[in-house]
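J.: Given only the sequences and the hints, what does the whole structure look like? Please build it.
Residue numbers (this note's numbering), protein chains in the order written: chain Z, -6 to 152; chain Y, 129 to 235.
Just so you have them, the derived chain Y footprint on chain Z, three or more residues with Cβ under 8 Å:
1. 10 to 16
2. 28 to 34
3. 82 to 90
4. 97 to 105
Cβ pair distances, simulated, as ranges:
5. Y143/Y / H86/Z: 22 to 30 Å
6. R3/Z / A229/Y: 20 to 28 Å
7. A219/Y / Q134/Z: 34 to 42 Å
8. D182/Y / M1/Z: 25 to 33 Å
9. Q230/Y / Q60/Z: 22 to 30 Å
10. C144/Y / A141/Z: 24 to 32 Å
11. A28/Z / E142/Y: 18 to 26 Å
12. T127/Z / R224/Y: 16 to 24 Å
13. C143/Z / Q230/Y: 42 to 50 Å
14. Y143/Y / D76/Z: 24 to 32 Å
Examples of chain Y residues toward chain Z, derived with CB under 7 Å:
15. A137
16. W164
17. P186
FYI, nobody ran anything at the bench for these hints, they're computed from the structure. Ideal Cβ placement from N, Cα and C applies to all residues, glycine included.
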Amino acid sequence: MTETVRYMDRTRDYYRALGYPSDYVWSRFDTVPFAPLTKPLSEATIGLVTTASPPDLGNRDASGKRQVWSGAVSPAPAKLFTDNLAWDKESTHTDDRSSFLPIEAIQHWAAEGLVGGVAARFHGVPTEYSQRKTIEIDAPQVLERLRADCADAALLSPL
Amino acid sequence: MPTVIVGSALDIVEYCGVPRFLFTDFPLGNPCGPPWRQDLQRTIAGQALALLRDADAPSTTWRSDVLWPSDDDWRPRYGRVKPEDVERLRAVGEERRRTQAQARTPE
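T.: Structure below.
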């Protein structure tokens, strides 16, 4: 089997090359949480979560800080803004939004009866250097919005 | 709330620790399938849903059997620091730190 790319090593090397004295420290659970699905998948509504931004960058507040945002799955957005994210811009592109936010693919499986349906909104979570903002501010907001949409489970697909 | 993550950075997601992870071995940017390949995107979404249903313990990783539809020349590319880039990157870092220090200095 082909060896998978070691992104943590590459990130360390990259920031060392930029001259930063200390390495990035990734967030990590001491005990990984787990919530079981409490109803049959065929009856479950799935909420979708992305790290992309809206095309108009409307998720920025007055100081330019990115905030949690939401968008409708119908009509689904043709494109989302991803230029600010760290993805492999030399090897691929993000012109096909469904390659990173699978609205149509989940709708397909809902039509086939595998899953109950897709929640009416998807949610965007900013990628932050501050783990405190992600854990204490953004994640609870996303959870609150998923619950407001009556989602039974969430599919997260960070770029 | 039950969650499943679909992503392409195996080492990072497994280090962080998540309940359920469907690993798609693709260049970063298209975790849910190659662009314009609705057939493969559906397959991957179906695998993610099955993982959501079938996992019974945290840190469950499944590896999608969908292959990136080109050769493997993308693997060495992302984030690699090439010898000829070292000086340029050091200058970029210094400029970035200078800008950040100015932003922190009161008017």
